[in-house]
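With chain A's structure known, arrange chain B on it following the hints.
Protein sequences appear in the order of chains A and B. Going by the working numbering, the residue at position 89 of the first sequence is 89; the numbering climbs one at a time, nothing skipped. Going by the working numbering, the residue at position 259 of the second sequence is 259; the numbering climbs one at a time, nothing skipped.
If you're looking for bench data, these hints aren't it; they were derived computationally from the structure.
No copy is singled out in the list; a pair is fine if it fits within one copy or between any two copies.
Derived pair list, reagent style DSSO-like, types lysine-lysine, alpha-carbon separation capped at 27 Å: (1) K282 with K110; (2) K198 with K351; (3) K110 with K162; (4) K351 with K214.
Protein chains: 2
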Amino acid sequence: MSESSLGSVEIDPISVAHVEAARSRQSSLTKPAGSLGRLEDIACQVAGIQHTDNPAIVDKWVVVAAADHGVVDEGVSAFPQTVTAQMVANFLSGGAAVSVLARQVGANVKIVDAGVAHPIPGDTSDLVVCKLAEGTNNFTDGPAMPREHAVEILREGMQLAKNLSQQGADLIAIGEMGIGNTTAASAITSVMLDQPPKTVTGHGTGIDEVTRLKKAYVVSRAITANAPQATDPVGVLATIGGYEIGLLAGVILGGAKTRTLVVLDGFISTSAALIAAAIAPKATQYMLASHKSVERGHMLALTHLGLRPVIDLDMRLGEASGAVLTIPIVESAVRLHNEMATFEEAQVSGKEEAGNPESVRS
Amino acid sequence: MSESSLGSVEIDPISVAHVEAARSRQSSLTKPAGSLGRLEDIACQVAGIQHTDNPAIVDKWVVVAAADHGVVDEGVSAFPQTVTAQMVANFLSGGAAVSVLARQVGANVKIVDAGVAHPIPGDTSDLVVCKLAEGTNNFTDGPAMPREHAVEILREGMQLAKNLSQQGADLIAIGEMGIGNTTAASAITSVMLDQPPKTVTGHGTGIDEVTRLKKAYVVSRAITANAPQATDPVGVLATIGGYEIGLLAGVILGGAKTRTLVVLDGFISTSAALIAAAIAPKATQYMLASHKSVERGHMLALTHLGLRPVIDLDMRLGEASGAVLTIPIVESAVRLHNEMATFEEAQVSGKEEAGNPESVRS
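Next up, chain A with everything else stripped away, as it sits in the complex:
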C-alpha cells in the first residue's frame, strides 16, 4: 500500500439482531412503551455495537488530541499559540475541565501530542506522542500537511483505538485542544457539507463578529487555494485539516473497527467524524453525539451525520468536556436496560387496549 493512500477501511455494521432483541426487551420493562426516549435508543445501539443482550459500559476512556495550526498567523484566534502546550500540561497535571470530569466519571485519560508547536512544560511522562510536525502549515496558501502525514496520523489514531479496545475499552470519548482548530474544523465542515464558510464558521474561543467574518474569509481563501474535494476525505484532512483532527478521525475508525462506542465532543471532534464517515460510512453507527455546541457549524455537521446531541448546555470548550459529561447518561441507558424489572417480574398491569384492558401479567 502506498504511503499516500489509506486503503479501504472495512467496518462491520452493528448487529441488527441484537438491536432488535434489545428493542424487544425495552418494550417489556415497567414503563410506558418508548417513555425513556433516546435512552432506549442508546441502550439498543450499545447492544448492537457489543453484539450482546447485556450491554455494559465499564472500562471508559477519554482521548484528547492536541496540535497546533499554522493558520493562527492570520489572527483567527483569541488566544496565543503557546496556550496549546500550556493546556496539555494542564491536562497532564489534572487541572483542566476534562481532568475534573474524567475523575468524576471514573474514566481513564490519554493525552496525545499529535503536533504541538511549543515545548510542553512539566512532567510529560504520561503523554502519548504521535507527532509528525510541530503543527500544520498556514493552509491559506497551500496544504496544511503532506498527504503522507494525513494517512499516517489516521493510522496512528486507528492503532491507538485498537489498543484501547484490546485492553477492554467499552467506550472512547474523544476531544481536542489546539489554538486555531475551529478554523480548520470550519473549513472541513464547509467542504464536507458543501456549505459556504460564513455559514459554518463560528466565534471559537471568543472572537468578535468582525474577527469571525475575517475567519470565514480565511476559510474561503484556504478552500480556494487547496481545492479540497469532499469525495477525497484524506485529501481534505491533508489540505485544510489538522493533526489532532486526523488523529481523532483515526480513533473513530479504529473504535468502529473494534466494535467500540465512540462519543463525540463538539464542533472539532465532529469535523473529525465527518472525515471518518467519508472514509467509512458505517463508522457513524458507532458514534454518539454528546452535546450541542454553540459553534454554528456543529448542528449542521451532526445533522449531516444523522446524529442528535444528548445535552444542550451552551458549551464551547472542547477537550472532550461535553463527551465526558455524557458518559453517565450512556451508563444510565445501559443500566436501565439491564436492571429494570419487566411487567411480568414486577406484576404490573400493561396498557389498556381500547375496551379490552389487559390483565395483570403475572
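For chain B alone, coordinates are given in the frame of chain A:
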C-alpha cells in the same frame, strides 16, 4: 391559622454576593470565558443557594410522590388505575427506572403515598405515608379535594423537605407516579399559564390523538366546573390538582425555605412548581429544570417559570427519572467550579486583547 389557609410562605432570595463571587472564580479558571456554558450558571446558582464559595452536592435525595386521580373515570389514561399501587411496589423493591438511576448516582429515595387508591402489594416498610384520601375526586363536576386537604398536603411536603435538609440534603430531585396525573397537570398548566387546554394537554403515557382531544375536553370541563383562579394557587391545587402534585409543591417550598436545590422532573413536577412559584415566587431561584419532556405543555410551563432544561432525550416517564439523570451534571458543574485550575495556578496564558497579548500570568 385557619385550616383552609396556608398563610404566607417566606423564602429568602439566594445570596447574590456568593453568586457574584462564583462568577468571578469562573472567569479565572483555565477555559475561555463562558465556555462551560450553563454548567457555570448551575455552579453559581448552587453557590448562591448554599451561601458558600465552595458549593457541594454530597447528600442527594429523590422524593417520588404517588397518588390516584378520580378523573380516570373519564377514560383519560392508557393504563388502569391499579398500576399506581403496583408501580409504588416496584419503586420499593428497586425495579423501576428511578430505582436504577438512584442507585447509579448514589441518591437516597423517599417514596411517598400521598393518596394511592389501591392497596400497595409487598413490603411497604420503607413507604412514607401522607395520605388524606384514596385519590382525588373526579374533578369534572366538582373539586378534586377539599381545600383543607390542599393546605395539609402542601404542609406535609414542606415538612418532608425540611426534615431532609436538616439531615444534610444538598439536593432534592422530585418526581411522581399517578395514573391520570397528566390530566391534572394539564389543567393546572392551562390555568396558571392562561393557555387553552388543547395547547397544554399531551399524550400522557401513550394515548392516541382522539383520546388526547377528549382529555383536553375533560380539562376544559374541569376548569368550567371549578372556575379556579391563577391568583389562588391553593385553590387551583384543591379544585383541579392532585395529592402528589400538592406534596411536591410543598417539597419545593420546603426545599427553598431551607436553602436546598430542588431538581424538577417533567411535566407533572413542573405543574407542582407552578403552584409553588405562585405561592412564593422566590422559590424559582432554588429550582433546576432537568429534562425537556415530550409533553407539549412542559416547555410552556418551564418558560413561564424562567427555567431551561438541561437534557433533551424525548423522555416522558416521570417518577423523577429525568431529574435523577441530571444529578451527575449538577455534580459536574460543582466539581469543575471547585477543582479546575486557575490560569495563574496552571501558568496558562490568557486571552489576547486586540494587539496586546497578555503575558503568561505566572
